[in-house]
Amino acid sequence: MFRFVLRRLLEMIPVLWIIVTATFFMIRFVPGGPFTAEKAVTPEVLRNLEAHYGLDRPLHRQYLDYLGNLLHGDLGPSFKYANRTVNEIIADKLPTSLELGLLSLAIALTFGLTLGVLAAVRRNTWLDYLCSSVAMTGISVPTFVLGPLLVLFFAIHLGWFNASGWYVATDRVLPAATLGCVYAAYVARLTRGGMLEILGQDFIRTARAKGASEARVIFRHALRGGLLPVVSFLGPAVAGILTGSFVIETIFQIPGLGREFVNSAFNRDYTLVMGTVILYAALIVTLNLVVDVVQVWLNPKLKFD
Amino acid sequence: MLTPTTLPAAAVAPAQLEPGHSLWGDAWRRLRKNRLAVAGGAVLLTLGFLCAFGPLFSQSYQEQNLDLGAVAPSAAHWLGTDTLGRDLFARILYGGRISIMVGLVATFVALAIGVVYGAVAGFFGGNTDRVMMRIVDIMYALPFTIFVILLMVFFGRNIVLLFVAIGAVEWLTMARIVRGQILSIKKMEFIEAARSLGFGKRRIIFRHMIPNVLGPIIVYTTLTIPAVMLLEAFLSFLGLGVQPPMSSWGVLIKDGAEKMEEFWWLLVFPGTAFSLTLFSLNFLGDGLRDALDVRSAKD
Numbered sequence: 082m083f084r085f086v087l088r089r090l091l092e093m094i095p096v097l098w099i100i101v102t103a104t105f106f107m108i109r110f111v112p113g114g115p116f117t118a119e120k121a122v123t124p125e126v127l128r129n130l131e132a133h134y135g136l137d138r139p140l141h142r143q144y145l146d147y148l149g150n151l152l153h154g155d156l157g158p159s160f161k162y163a164n165r166t167v168n169e170i171i172a173d174k175l176p177t178s179l180e181l182g183l184l185s186l187a188i189a190l191t192f193g194l195t196l197g198v199l200a201a202v203r204r205n206t207w208l209d210y211l212c213s214s215v216a217m218t219g220i221s222v223p224t225f226v227l228g229p230l231l232v233l234f235f236a237i238h239l240g241w242f243n244a245s246g247w248y249v250a251t252d253r254v255l256p257a258a259t260l261g262c263v264y265a266a267y268v269a270r271l272t273r274g275g276m277l278e279i280l281g282q283d284f285i286r287t288a289r290a291k292g293a294s295e296a297r298v299i300f301r302h303a304l305r306g307g308l309l310p311v312v313s314f315l316g317p318a319v320a321g322i323l324t325g326s327f328v329i330e331t332i333f334q335i336p337g338l339g340r341e342f343v344n345s346a347f348n349r350d351y352t353l354v355m356g357t358v359i360l361y362a363a364l365i366v367t368l369n370l371v372v373d374v375v376q377v378w379l380n381p382k383l384k385f386d
Numbered sequence: 304m305l306t307p308t309t310l311p312a313a314a315v316a317p318a319q320l321e322p323g324h325s326l327w328g329d330a331w332r333r334l335r336k337n338r339l340a341v342a343g344g345a346v347l348l349t350l351g352f353l354c355a356f357g358p359l360f361s362q363s364y365q366e367q368n369l370d371l372g373a374v375a376p377s378a379a380h381w382l383g384t385d386t387l388g389r390d391l392f393a394r395i396l397y398g399g400r401i402s403i404m405v406g407l408v409a410t411f412v413a414l415a416i417g418v419v420y421g422a423v424a425g426f427f428g429g430n431t432d433r434v435m436m437r438i439v440d441i442m443y444a445l446p447f448t449i450f451v452i453l454l455m456v457f458f459g460r461n462i463v464l465l466f467v468a469i470g471a472v473e474w475l476t477m478a479r480i481v482r483g484q485i486l487s488i489k490k491m492e493f494i495e496a497a498r499s500l501g502f503g504k505r506r507i508i509f510r511h512m513i514p515n516v517l518g519p520i521i522v523y524t525t526l527t528i529p530a531v532m533l534l535e536a537f538l539s540f541l542g543l544g545v546q547p548p549m550s551s552w553g554v555l556i557k558d559g560a561e562k563m564e565e566f567w568w569l570l571v572f573p574g575t576a577f578s579l580t581l582f583s584l585n586f587l588g589d590g591l592r593d594a595l596d597v598r599s600a601k602d
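If you're matching them up, the sequences are chains A and B in order.
Each residue of the first sequence is one higher than the one before, starting from 82 at the first, in my numbering.
Each residue of the second sequence is one higher than the one before, starting from 304 at the first, in my numbering.
Be aware that a few hints might be false.
Claimed, not checked - Now the in silico label distances, taken between C-beta atoms and shown as ranges:
no., chain 1, residue 1, chain 2, residue 2, range
1, A, G240, B, L407, 39 to 45 Å
2, B, N430, A, E92, 14 to 20 Å
3, B, N430, A, H141, 46 to 52 Å
4, A, V377, B, W331, 27 to 33 Å
5, B, L464, A, V249, 38 to 44 Å
6, B, L464, A, E92, 27 to 33 Å
7, B, E564, A, T123, 28 to 34 Å
Hints in this document: simulated from the structure, not taken from any laboratory.
Heads up, the beta-carbon is just placed ideally off N, CA and C, and yes, glycines get one too.
Just chain A, with the same shape it has in the complex:
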C-alpha cells in the first residue's frame, strides 16, 4: 500500500504540471489583460504596472518565475486586489466555502444513504418508488432552479430566512440545503444501485443462511460493498463541493472561493485564476487517490497494484 500511494503521489506531479502549464498559457494568449478594463490608465502607468507585476518580461521568463514561486508555495500577488496576495485571498475565502461544503456534504450523505438503503432493501415496493422518485427529482432540478425556488418560498414568502448573505447561523440553511439536496440525490441513486448488486450475491445468502439478522446482513455485509460506487462518485464531487459551488455562492451572495474564481476569470486576474485552478486540481487529484485507497479497503477483491 505504501508503494502504491507513493507511486500515485509521484504521478500527480506531471498531472498538476500539465494543468498549471495549460492554464498559464491559455490565459496569456487570450485578448485583454488585467489592466485593460481600467479607464484612466495612461500608457506610462500601464508600463509601470506591467513592470511591477513582471508582465513586461518575456513569456517564458514569467512562466519559469511562476513555477519557481509555486514550488515555494507562493501563488503571487493578485492583479486586481491591490496589495493582496493570492495566498491571502484563498486563506480568506476558502474557510467559507469549506463550511458550506461540509454542511452540504453532511446533508447529502445523511439523506442520500438513508434513501438509497431504504430503496434497495424494499426494492419494488412503494417505498422504493418514493425514494427513487425523490432522488430523480433531486437530480433533475438543478441547483440554480432549486436555490431560487427555496429562496422564493422560505425566505420571501414565509420569511423564515434571509434571502442572501452569510452573517448569521440561519443564513447557512438554504445554501447548504440546496447544494446538499442535489448531491443527496446522486448518493441515493448510487447507493441503491450498489446495494442491489451486492444483495443479489451469494455471500449475502450465506450470511442469511448463517442466521445473521437482517440488520446485520444489510449494514455489516451489504453496505460495505454497496458503498463502492458512492465512494468513486464522492472523490471529484467533494472537491467541487469544498472549493465552492459557483452557482450557490452567486445566488446566495456568499463570499466564498467559487464566486472569487468566476470574478477573477472575468477580471483577467491571472494569478488568482491560476491559484484557484491549482487548488481545485490538487484537491481532485488527492481525493482521487483517497478514493482508490478507500475502494481497496472496502472491496477485498481489489489489491493495490
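Following the hints, complete the assembly by docking chain B onto the known chain A.
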C-alpha cells in the same frame, strides 16, 4: 451484463424458421412495460414538437410591449409576460429550441469523439490502448468545468465554441465505456461460438459485436444529453452561455431568478420546463438501460 440473446434463439432453432426475439425486439418490449420511461418519452416528444413547431404559431418571442410590462399568467398570455412585455410561453418554446439543440449537438460531438477514441483503443489494445487510456485518465483529473468557464470568458460567448467546449468535456466517459465494451466483447464466448460456427468476420462484427456495443452507447447518450443541457444552462446562468437576442432555458431561469420577488412566474415556468425535460430524459435513459440490460458507468 450483456445479453447474447441472438445466440440461444439461433442455437435452438434455425433463425429462418422462427422469428425469435432479437435484442432490439426484447428491449422494446421491456421498455414499453416501464411506465416511467414511456411517460418520459412521451413528454419529450411533446416538448420537442412544441419547441420545434410552436414558435411558428405562437406569439413572437421577441416582440416587446413595454406598456404592458410583466403581467401574471392570463388567457391572453398563458404563462404571463416578462418585464419587457414579451410572451413567456413563446420565449420558453424558443429557449427550448436552443437548449435542446445545444444538448443534441454537443452530445453528438462527445459521442463522435468518444466512440472513435474508445473503439480505436479497444481494437488495437496493447501499448496503443495503454497510452490512450492514460491520456483519458489524466484528462479526468483536469478541472473541466473551470476550463469551460475560462474558455467562454476568454474567447467570447460563441455558440459554436459552446458546442465544442461542452462536447470536449463529455467525451471521456463515452470513450471509457466503448473501449471497455469492445475489449470485453472480443473475448466473450458468444463471439467464440460465432467464430466456431464459421461466421465471417463481417457477420461477427455487425451481427454480434456492434449490437452489443450499441446498447451502452445509446444508454449513455441518453444520459449525456441532460448532463450537457445542465452544463449549458449552468453557463448561461453565470452569463457565459447563449447571448441575447438568442435565449435558452438557462438564460430564462437566470432572468427569472433575478426578478422572482415580484414576478414569480418568470422563474417557476422556465424552471419547470427545464426540470421536466431533464426528468424525462433521465427516466428514459434509465428505462433504456434496464431494457437493454446495460450497466453504465454512472451506477
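Hint check:
Range check, A/G240 to B/L407: Cβ separation about 43 Å, and the 39 to 45 Å hint holds. For B/N430 and A/E92, the hinted distance range of 14 to 20 Å is satisfied, since their beta carbons lie about 18 Å from each other. For B/N430 paired with A/H141, a C-beta distance near 33 Å fails the hint of 46 to 52 Å. Between A/V377 and B/W331 the beta carbons are some 41 Å apart, a value that contradicts the proposed interval 27 to 33 Å.
A hinted range of 38 to 44 Å for the beta carbons of B/L464 and A/V249 is consistent with their spacing of about 42 Å. In this structure the hint that B/L464 and A/E92 lie 27 to 33 Å apart at CB holds, the actual value being about 32 Å. At about 44 Å, the beta-carbon gap between B/E564 and A/T123 misses the expected band of 28 to 34 Å.
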